[in-house]
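*Asks:* From first to last, the protein sequence lines stand for chains A and B.
Quick note: the first sequence uses numbering that gives the first Met the number 0, first residue 0, plus one each step.
Quick note: the second sequence uses numbering that gives the first Met the number 0, first residue 0, plus one each step.
Since the hints were made in silico from the structure, they are not lab data.
From the three backbone atoms N, C-alpha and C, an ideal C-beta is built for every residue, glycine too.
Don't take each hint at face value.
What the hints assert, rightly or not - Stretch-level coverage of chain A by chain B, calculated; a stretch enters the list once three of its residues show a Cβ under 8 Å from a Cβ in chain B:
# : stretch
1 : 12-23
2 : 34-44
3 : 82-89
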Amino acid sequence: MLGKLEADARLTRYLLGAMSETEREDIEAEYLSDENAFEQMLIAEDELVDAYARGELSDKERSQFEKNFLTSARGRDRVEFSHALVGAVADARPVTVKVAPEPSPASWVALWAAFTPRLRVAAVTFMASCRTWKNAHRVAGFAR
Amino acid sequence: MDPPTSLKKEWVLTKEAFDRFLCLLDIDRERAGQKYESVRLRLVKYFQWSGALEPDIEADETITRVTRKIEEGANVYNLNAYIQGVAKLVKAESLRNPNRKHLVIEDAYDLAVTIQEEPGKSERRMCLDRCLDKLPDESREIIITYYENEKGIRIQCRKQLAAKLGVTQNALRINAHRIRMGLETCVRNCLANC
């Protein structure tokens, strides 16, 4: 069974007209007979139209999209709606910059727990060398 | 034997024939109506995604031909599969049609520029603002959070929104899509009344 990302990529390739006729027929048989598969296609279409409206497609994808979607009034209507939606959503809320919080002691514990034993040894050795270097530096300062 | 093509074109869809088609979709009239809408939308999308210039017309042609076959007494054991078969034929005929207008790529670019260069607040945008205002608070919040921000941040925001609502990311995708479909219908109606 395909993973979610792979499945989405497959639907996107279908919508862009970038697959073989046999693959196309498989997808068509799926969504023409299954409501859920059809809804997933519509969602993939939403995502693709939005990506086009936001300028997030590669040159090749954009060209494929324009060739496949802008030929029908329905396709153009969807793109126009997406442009309006992107604008309306941007105006609906002032832009807020989300700053990642400073790592708390608890995050350090979590980070430590995520380390493999070999990484832990390396981290301890590194910190010990830093301390030794710092002490040696301080001693040298006193000596001067 | 099938009648010649010239005769096929003369067949006109009647109320009785259409009722028979609806009956095959569902015995209950209301449910049959809903199923008809669903079948038609799938066909429209099928033709649209196949690059048809007029997907609505080709979807209706498919339904008319299926209805006619039923009226003529064809044994249809699996209606869905039958519709699919007829749709494929309609698509193949449409691709073979020498009169079919091909939109050259330059025209598509021109259309792209027209779409992107809408000055000021368009009627569509004003309608959309109105439709957004009519949404219940939770739906409005979902739509805004789901579609705001740049690509990378957007994915993160969607994960957080799904967690906040206590649903899977796929359930959130479906929910946002359904709200969006409602909005698109609302905007279409609003534009039609402008």
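*Asks:* With reference to the structure, classify each hint as holding or not holding.
*Replies:* Here's how the hints hold up against the structure:
1. 12-23: Three-residue rule met by the stretch 12-23 of chain A, so holds; n is 3.
2. 34-44: holds (count 7)
3. 82-89: As far as the stretch 82-89 of chain A goes, the hint holds, because 8 residues have Cβ atoms under 8 Å from chain B.
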